[in-house]
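Keeping their order, the protein sequence lines are chains Y and L. Just so we're aligned, residue 1 is where the first sequence starts under the working numbering, counting upward by one. Just so we're aligned, residue 117 is where the second sequence starts under the working numbering, counting upward by one.
Since the hints were made in silico from the structure, they are not lab data. Mixed in with the good hints, there may be bad ones.
Pair by pair, the computed Cβ-Cβ distance ranges are [unchecked claim]:
no., chain 1, residue 1, chain 2, residue 2, range
1, Y, Thr-5, L, Phe-180, 20 to 30 Å
2, L, Glu-126, Y, Phe-69, 33 to 43 Å
3, Y, Ser-65, L, Pro-233, 45 to 55 Å
4, Y, Gln-41, L, Ile-162, 15 to 25 Å
5, L, Gln-130, Y, Glu-54, 41 to 51 Å
6, L, Lys-194, Y, Gln-41, 40 to 50 Å
7, Y, His-10, L, Ala-225, 17 to 27 Å
We put the CB at the ideal spot given by N, CA and C, even for glycine.
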Amino acid sequence: DAGVTQSPTHLIKTRGQQVTLRCSPKSGHDTVSWYQQALGQGPQFIFQYYEEEERQRGNFPDRFSGHQFPNYSSELNVNALLLGDSALYLCASSSTGQGTRVTEAFFGQGTRLTVV
Amino acid sequence: AQTVTQSQPEMSVQEAETVTLSCTYDTSESDYYLFWYKQPPSRQMILVIRQEAYKQQNATENRFSVNFQKAAKSFSLKISDSQLGDAAMYFCAYRSARLYNNNDMRFGAGTRLTVKP
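Isolated chain L, as found in the complex (with noise of 0.2 Å):
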């Protein structure tokens, strides 16, 4: 089964500045997905940035990016110019991307962003 792990419960950046935060993952499939959610207070589930297993390229996303390390399962989430909304919850996931058993997303346990002024 897959899993997801992430080992930083919490992390703090200064406002402007940047802040990396940590994903591996393990699964023996080839041909997956990997995401990073954000969740602030208001709890819904926000879409940060995905990556596809077979593209070696890393994804952007404007001040968000990442780096993806298939060989070594680890997806790690950049961002730069950090700003006050950033600060929340933010979920790696995993997702096969077999048709047809797609939807069943794997989370981390998830790292708690702070920003300082």
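If we strip away everything but chain Y, and leave its shape as in the complex, we get (with noise of 0.2 Å):
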């Protein structure tokens, strides 16, 4: 089992640039979370995707927008990137369950994103 899986894992861009990030997720997870974290904090919620759709959002600016496939990987995208957008990029997977309680979210190994 593969887990969760993030690339790239480093990524150097430009102020006003635009990034896409990617993710795929554990075998047998169908929801797919996007997480950033800023150098010395905890990780803030940015959006969930469930069945291709964005079902939950935090409070992020719409430059970032994401999308999920059929195969249930995902994409984070970020428009008119700012200096204050470097940060390490977390993407999560979980099963949303047929009527269960909660799984686990089980992390990637994140992609560190520098913006100059």
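Grab the two chains, each in its own frame, and use the hints to assemble them into the complex.
Spelled out as structure tokens, the structure:
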């Protein structure tokens, strides 16, 4: 079992550019959430995707958008990058069970984005 | 909105000793989950232990145990027989148990644990 995989592991972008980060969930998981972790802070929830739709969203501007594909993998897109977008971006997957209680969220190793 | 507070930015423990990391949270819900995650320098968040709010019994996982005080909204992590590999950032996290709104985890700011040989 490959677990949650994210790509790339590191990325450097220039202010104003656009970036796409990718996530493949753990086998058997159908729900993907994205988190932003600034240096020295805890992760902040960006949004969650289930059945190819954004199900829930945190307090992030519209510059942050996402997508989920039929195979449950997901992308996070950030437009018009700002210096403050520099952070570790974490993807977490879980299973939205059929009426069952929540399962654990498994995290990927993250993508370190640096905006210069 | 739910908030999670970790009041200890850094903690230190001698190898083989016991250390307790503190966490408090604020919520108006009665059904929820609490987690402790470990984040080593490799960056990957690793689940250490979880507690379901409706369970009165404190969760334990080998050397890791929690002290869950629901009325006080307190959720501390005790690490016994500390090992060098326990050195990492530890995050306390909250998640609602509501269906279809259950992956919005709220994290504390973290506690950096150092283990001295």
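Do the hints match the structure? See the list:
1. With their beta carbons about 26 Å apart, Thr-5 of chain Y and Phe-180 of chain L fall inside the hinted range of 20 to 30 Å.
2. Checked against the hint of 33 to 43 Å, the C-beta distance between Glu-126 of chain L and Phe-69 of chain Y comes to roughly 41 Å, which is consistent with it.
3. Look at Ser-65 of chain Y against Pro-233 of chain L: about 47 Å separates their beta carbons, and that is inside 45 to 55 Å.
4. Between Gln-41 of chain Y and Ile-162 of chain L the Cβ separation comes to about 18 Å, which falls inside the hinted range of 15 to 25 Å.
5. The hinted range of 41 to 51 Å is satisfied by Gln-130 of chain L and Glu-54 of chain Y, whose Cβ atoms lie roughly 47 Å apart.
6. Hint check: Lys-194 of chain L to Gln-41 of chain Y, Cβ distance near 24 Å, so the stated range 40 to 50 Å is violated.
7. About 24 Å separates the C-beta atoms of His-10 of chain Y and Ala-225 of chain L, a value consistent with the hinted range of 17 to 27 Å.
Violated hint: 6 only; the structure is consistent with all others.
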